[in-house]
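Colleague: Chains as they are written, first to last, in the numbering used here: chain A, 2 to 329; chain B, 866 to 996.
In case anyone wonders, no lab produced these hints; they're calculated from the structure. Take these hints with a grain of salt, some might be off.
[What the hints assert, rightly or not] Chain B side only, calculated, beta carbon under 10 Å to chain A, not exhaustive:
id : residue
1  : Gly880
2  : Leu911
3  : Glu990
Where is the CB? At the ideal position from N, CA and C, for every residue including glycine.
Spelled out from the first residue to the last, the chains are:
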Amino acid sequence: MSAAFQHRHAAHCESGTVANLLNHHGLPIGEPMAFGLGGGLSFAYLPFVRIQEMPLIAYRVPPRAIIRGVRKSLGVHFRIERFSSVAAGEARLDALLDQGQVVGLQTSVYWLPYFPEDMRFHFNAHNLVVYGREGDDYLISDPVGEHPVRCHRDDLNRARFAKGMLAPKGTLYFPTGVPGRDIPPKAIRQAIHRVAWSMLAPLPVFGAGGIRGLARSLGKADPAKPDNLRLVGHIVRMQEEIGTGGAGFRFLYAAFLQEAAQPAECPALAEFADRLMDIGDAWRAFALAAARMVKVRDPFDPPALAEHLFALAAAEKGFFTALKAAVS
Amino acid sequence: MDAQDVPQDGNATLGGHRKAVYARGAGGAIVAVESAGWEAEEIVTLQAVDVFDAYAEAARARVVAGLSSPLEYWMYARRMDIATFAQSCGVWRWRIRRHFRPAVFARLSPKLLKRYAAALGIAPETLRTLP
Chain A
2 MSAAFQHRHA AHCESGTVAN LLNHHGLPIG EPMAFGLGGG LSFAYLPFVR IQEMPLIAYR
62 VPPRAIIRGV RKSLGVHFRI ERFSSVAAGE ARLDALLDQG QVVGLQTSVY WLPYFPEDMR
122 FHFNAHNLVV YGREGDDYLI SDPVGEHPVR CHRDDLNRAR FAKGMLAPKG TLYFPTGVPG
182 RDIPPKAIRQ AIHRVAWSML APLPVFGAGG IRGLARSLGK ADPAKPDNLR LVGHIVRMQE
242 EIGTGGAGFR FLYAAFLQEA AQPAECPALA EFADRLMDIG DAWRAFALAA ARMVKVRDPF
302 DPPALAEHLF ALAAAEKGFF TALKAAVS
Chain B
866 MDAQDVPQDG NATLGGHRKA VYARGAGGAI VAVESAGWEA EEIVTLQAVD VFDAYAEAAR
926 ARVVAGLSSP LEYWMYARRM DIATFAQSCG VWRWRIRRHF RPAVFARLSP KLLKRYAAAL
986 GIAPETLRTL P
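Please model the complete structure; the sequences and the hints are all you need to start from.
Modeller: Here it is in structure tokens:
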């Protein structure tokens, strides 16, 4: 593992970290493939879970699910460690780096000083790679950053041991056994099937049903209440946050489907990729309409936004029904 | 989205950074493209930032008026609500709320003050003041 670590810019932190780690270990895999094999795409609207006063809305699977999915699909072994004390976590990271290991970390976003000020919120499930240390600085390849950065020991410790929801507890991980370079067709099809299945779950909180559930609550929102405009901003922020291109990870998953067509031995996936790009564009149109209302360029009209979401729910339901049939 | 349509709005919220987004390239292949940001995203990010700034400024006014303690200001200045802050420092919410009362805050033990300060990433002396 003495070869220099190669930083590659990614849209999403977890898929980027996993892809870059596996590459370093000789498995040529891009971010979209890692995201797809990890079954990264999802939708969840949990109005009863409040984070910073807002309901939980996610366009992707919960933290660490991508690592788990990739592990399962490729048979790659990851060693995952957590620590009960800062000192133990710091010592272990240093020891691994001194052995030449490249290590993935779970951290808080807020306490990373190299993050742009306005992007620093208390989100505890960020992922990044540490590939070395110099003096009191760690050398960091944060996949959502364009270039590698440095971070002081005290700052990284704080970010690794931030408390609260999804507390990272110093979590670090690295692959220990990377099997062959080929990705089995069956693994790809199963990963797609899993995502399609969850997007079609008959519940008003997950998948297409979750989008409908969100549309219903939004449609009933009182436009006179400022808090509801905050909810609209929150929906878009979750859809957009860090590199999804405004489409809530739909573009990233489309890139995976396109790439998967050949290895999965299912040429139809390329057409599905195009269809999902169109759905992503519709999400962008929704985001734009919503942002104009937040900025009060357009009057706040909850039913109009709800209509957008109902249409998206229907489009995704149709899409994933067909996709599920194609890989079954 | 096609590669040439990837927004390059130069968001202030990205602080000069660019991010990778996936878009359709010339040959139809979906590739990662560098984006300098999208205005829609800037609007909603600033909205979220502004909420905490407004809370912090309201808290500052209360502290100046003697109605609250600097603890409340610093909590919002660190973009935390009371639930997040309670989890970060491991103190019950009602206890934190009680420590927002200036008279109670003035009597806080150095130990608890240190614990609050650590969760907020500031020095204990700073916690007693407003910036």
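Colleague: Now, for every hint given, state plainly whether the structure supports it.
Modeller: Do the hints match the structure? See the list:
Taking 10 Å as the C-beta cut-off, the interface hint given for glycine 880 of chain B holds, the closest approach to chain A being about 3 Å. For leucine 911 of chain B, the interface hint holds, since its Cβ comes within 10 Å of a Cβ in chain A; the closest pair sits about 7 Å apart. Below 10 Å, beta-carbon pairs count as interface contacts, and glutamate 990 of chain B has none with chain A, the closest being about 19 Å; its hint is therefore violated.
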